[in-house]
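Q: Residue numbers (numbering that gives the first Met the number 0), protein chains in the order written: chain A, 0 to 952; chain B, 0 to 160.
No wet-lab data here; the hints were simulated from the structure. Keep in mind the model is a prediction, meaning the values are calculated, not measured. For every residue, glycine included, the Cβ atom is placed at its ideal position computed from N, Cα and C.
Facing chain A, from chain B, some residues (calculated, C-beta under 10 Å): (1) R14; (2) C46; (3) F48; (4) E73; (5) E78; (6) I82; (7) D91; (8) H107; (9) R132; (10) L140; (11) A144.
Derived BS3-like pairs: lysine-lysine, alpha-carbon spacing no greater than 25 Å straight-line: (12) A:K322 - B:K55; (13) B:K108 - A:K10; (14) B:K59 - B:K29; (15) A:K402 - B:K29; (16) A:K475 - A:K503; (17) A:K322 - B:K44; (18) A:K50 - A:K10; (19) A:K366 - B:K59; (20) A:K40 - A:K50; (21) A:K52 - B:K108; (22) A:K375 - A:K778; (23) A:K17 - B:K12; (24) A:K52 - B:K145; (25) A:K322 - A:K776; (26) B:K17 - A:K25; (27) A:K281 - A:K228; (28) B:K59 - A:K322; (29) B:K55 - B:K17; (30) A:K265 - A:K228; (31) A:K25 - B:K25; (32) A:K237 - B:K128; (33) B:K59 - B:K12; (34) A:K429 - A:K402; (35) B:K17 - A:K79; (36) A:K375 - A:K776.
Quick list of simulated restraints, FRET-style, between CB atoms: (37) A:Q147 - B:N71: 26 to 36 Å; (38) B:L39 - A:D356: 19 to 29 Å; (39) A:Y206 - B:E33: 27 to 37 Å; (40) A:N238 - B:E146: 23 to 33 Å.
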Amino acid sequence: MGSQGGFGQSKEFLDLVKSIGEARSKSEEDRIVLREIETLKRRINEPDIPKRKMKEYIIRLVYIEMLGHDASFGYIHAVKMTHDDSILLKRTGYLAVTLFLNEDHDLIILIVNTIQKDLKSDNYLVVCTALNACCKLINEETIPAVIQQVVELLGHPKEAVRKKAVMALHSFHQRSPSSVNHLISNFRKKLSDNDPGVMGATLFPLYDLITIDVNPHKDLVASFVNILKQVAERRLPKNYDYHQTPAPFIQIKLLKILALLGSGDKKSSEQMYTVIGDIMRKSDTASNIGNAILYECICCISSIQPSPKLLETAADAIANFLKSDSHNLKYMGIDTLGRLIRISPDIAEQHQIAVIDCLEDPDDTLKRKTFELLYKMTKSSNVEVIVDRMIDYMISINDNHYKTETASRCVELAEQFAPSNHWFIQTMNKVFQHAGDLVNPKVAHNLMRLIAEGFGEDDDMSDSQLRLSAVESYLKIVDEPKLPSAFLQVICWVLGEYGTADGKYSASYISGKLCDVAEAYSSDDVVKAYAVTALMKVYCFEKAAGRKASLLPECQSLLEVLSASHSSDLQQRAYEFQAILDLDANAIENIMPLDASCEDIEIDKSLSFLDNYVLKSLEQGAEPYIPESERSGTLNISKIRNHNAYEHPTHSLRFEAYEVPKPVVPTKIPSTVTYPTDIVPVTVIVSEPSYQPSVQPSWPLVPVSDAGSGSGSTELKLRLDGVQKKWGKPTYSSGASSSISNFESDRTTVNGATQINTLISKPREPRQSNVEVSEEKQKLAASLFGGKTSRSKKKQSGGAAGHSKVSRTTNHGEDKVQPAAVPVTVTTAVQPPPPDLLDLGEPAGDTSSYSSTVDPFKQLEGLVDLSQDVNATASATTSNGPDLMSLYSDADLNGSLNQNPNAMNGSVNPSKKTASLTKGPSLKDALDKDALVRQMGVNPTSQNPNLFSDLLG
Amino acid sequence: MIHFVLLISRQGKVRLTKWYSPYSQKERSKVIRELSGMILSRGPKLCNFVEWRGFKVVYKRYASLYFCMCINQEDNELEVLEIIHHYVEILDRYFGSVCELDLIFNFHKAYYILDEVLIAGELQESSKKTVARLVAAQDSLVDAAKEEAASISNIIAQATK
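Same shape as in the complex, but just chain B:
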């Protein structure tokens, strides 16, 4: 099971956090501090795993962004590494060559997508296409709502003329 997902930049700035196991706000800050200290200082050729408080943290660096997932001792690290990659590929497909800035300004969208990939700390969908379809369906709702709002404001604008 994945206990939490962390996205941190090379400078140690938090880009996204998702907690599947209960942690208090205080613990969260501590976890982030501890892990960013550990992970950011690791060299490029080393393992993508760190043992931490009896758990394992699998991380992978994409450009200047580190994706970290904390898993149980008996989980398959290589699989989790691929779950990270799976998520990044979906982000990439959604944003069109995703870059860190996309995630900075659209963190809520990254959350929505993450909710389609992981649920309750487990991988829920391993088909990129299915995820993309669901996210698109949700986005179309957003667009529809926007159009509606725009047309209403047009009507109001015309009425007040």
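Just chain A, with the same shape it has in the complex:
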């Protein structure tokens, strides 16, 4: 092909690709690309470019764009190319636009017309390319323009077109679900298409539809089960087999659909048991794809109504996953364990050591997955260990996304299962300290609320202890540099509210700390606002208690600075404080009662206490108030009227302020404390007119929480109108209710009950005693799975290793008993499937032979991946049943194996290769290529010696 080279492009382009390939640094690459962009910009706008030349320019644009540079100057030419009559050019045009344009790009409108035309083409290949483009380019607005044609194509004689039409409808559904809702019947019809590819494609839109609403599709359960059965029995054409597994991708999709359909539906689930059992039994655990199916089966089993037999099979499969050497399978094992644990919480028990191995694995992915599992299996007995581990891990990582997630999980677990107040405060401190800016601000407000309310028991002692421990820990932490803002807000609030409460710390000490905070974080207005209000509270409490309260000099100067602050909020707080300084103790006590953050503030929304005043004014001739609803639209008129009213000789209500459409109506009246966010109950004091002046600037008194982010303002309120629940939402696990109640008993009685526990768990011992693991791991395992409290640990540390691992405390024992009962009831409820289908003996046999021999999966992996030793791989291939390369003829296999070494060490100068190589799908071509490569000679200085090794080598 002469100058075209073996790859159909001009020399110029090949040189470009080559020079990019040889670029030694990113900046060199960028330079080359920029030069290329300049060239293309100039050339592409020349008049009368031959079409073939243009096609190459477009491909060069694609290349530039792929390397991460902007090729938008050429988009329009790609769009033009889609209009071309020649399919060759059209295809290039479509390829380029699908790569260039996102669905919201302006140029798309220019393509829709072409797509419409091409969907009608006689040439099915043109239709295919147009459908491909549909999937990427047609957006919500343009769907109506093509949908009718796409639906018609569902009946096209070519299966490739039907399949793509289905997939295009699937992508429409993703963009705008309502656009294809009326097509459900079409999808159902296509499910029985005689081409398996079309049927397989139909599963995607059906899966989407079923995800949205299961109920209208319940009647399809039988069809899906039937299809799955046929697939598993190898009724599909042979070419859908993948590594000897019959149509695995279709199987997996079907299992996903069944999982949705069977969830919470006993009748549907029962229809599936047989086929799922069959598939699990048949699945090939030595191949990756076999395990993929197995994994999907387990997911399905954990989603549908549980069947004890299937659960057992699933548990065996999970055990195999976890025992495997492959990290991938371990990962899947941990994942499936997390799924199954919801149904049968006790299965984690037997895998504890494996789980801990994964937790300590250097592989970060595996570690994270394991943390996810731990999160799912947390209960009151192991929460301390798990949360501590999670926090340690959280501190060690930099990934903000995952840090946020871990932090919120820690908070959730701590709220749900905290064994003691002290621990809870400590844990929250750690989380805030290390991920403070990443946690939801709600969490901070929850914490304040909790400290204010205590733990719900009618025990003032424990509440004040909680507060004291919080104050103490905060005083310790507050001096540390660079605390996150959310945490500082909590600290300030707690110090202000409770810092001086029990007399341990003097007011001046606390005030000093608060001033330090305000000074150290002078750029954070919210923190400063919290600090000022806290200072004000400390001062008020002191004064109200009759002690001599004087402001520290630094506090004084802080106030001065803030009263000139740019932030009106800070300014206001400062002025309020200064106003309070002039009041007497009695007044202050009314404004700022001690420890009243949880008391409800009575709000008289109808402002009935003003009735007298209003009546008097009306008698004196004032205009009656017109409700906002009635005066809307006549705003101007009412304004004029108001104006008149204002001029009325008698002193009457001023109406101007009423016009502002705000929920809080009168402004001048002192007691309008309708703010939802009040921490300090500025109790309404109409009956005591003598104090009115102090309350007059009523809103200044609304304290800090108001300054917090507006988004959370509704959640911010610390008033909890008699809410009982303290610890977040309940667990999903079946043992949840018991574990929560256990948490109470946990703190009081431990010792006596431990004995009972060991008794309960005794029957399990022989199963685990043969595992030999290090002491430390066992301890960890025991604390995670066995739920030992620290006290029982001490007591039994002398016991046998296996024994101590299994021992558990009361609450866990109870936990165990209850979930254990769950499967039993299920057994009776569920009608057992035909007995011969789930022969559990067989998988067990499999397992033993599987573990005794060399892991064939490993060998296979070696074959597919970079195999260093060709011979070893070859022998592995011959010895293994599931032959990866069986797809290629034997000769091909030998050929590729033989040529490998040559290609590897004989890496050839790429330019030479490109000059004379023709490549094709056939084996002969491949061999020819190799021969040519060898003829070219060896070039050891080549840039990239790996370049020539075949990908599947």
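Guided by the hints, dock chain B onto chain A, whose structure is given.
A: Here is chain B on its own, set in the frame of chain A:
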């Protein structure tokens, strides 16, 4: 659903990118930078999956080339691993013992094949034979067009003689 497909070399050079979810050019560069940093530094025995921004990225190394696919949290990783392998096998069949160089110079063909394997972020065809047949049908068009062009240029050449 597969959000994007990335082919990167061991040196971090991009060989092919295909985006099924909308990403701006800026985001794309960032994604590639982040992921190549993460994936290329991983040891050989570790999982073939990485968690990333709430998604999972499944990758597999073939010779010096990494094939990466980004999927949702609830997708089946092992299946995606096999989708990658499926694609590589089809490439292998098409190019005849495919090597990285084939993909470097024929990236557009790799795109065409990918378009037959994946569509809208889902696997559209799990039969290698069907894919091969479709790609071959398209290629035959190319050849026909070339022959036509050649014959025209011959005619022109003869006419101008």
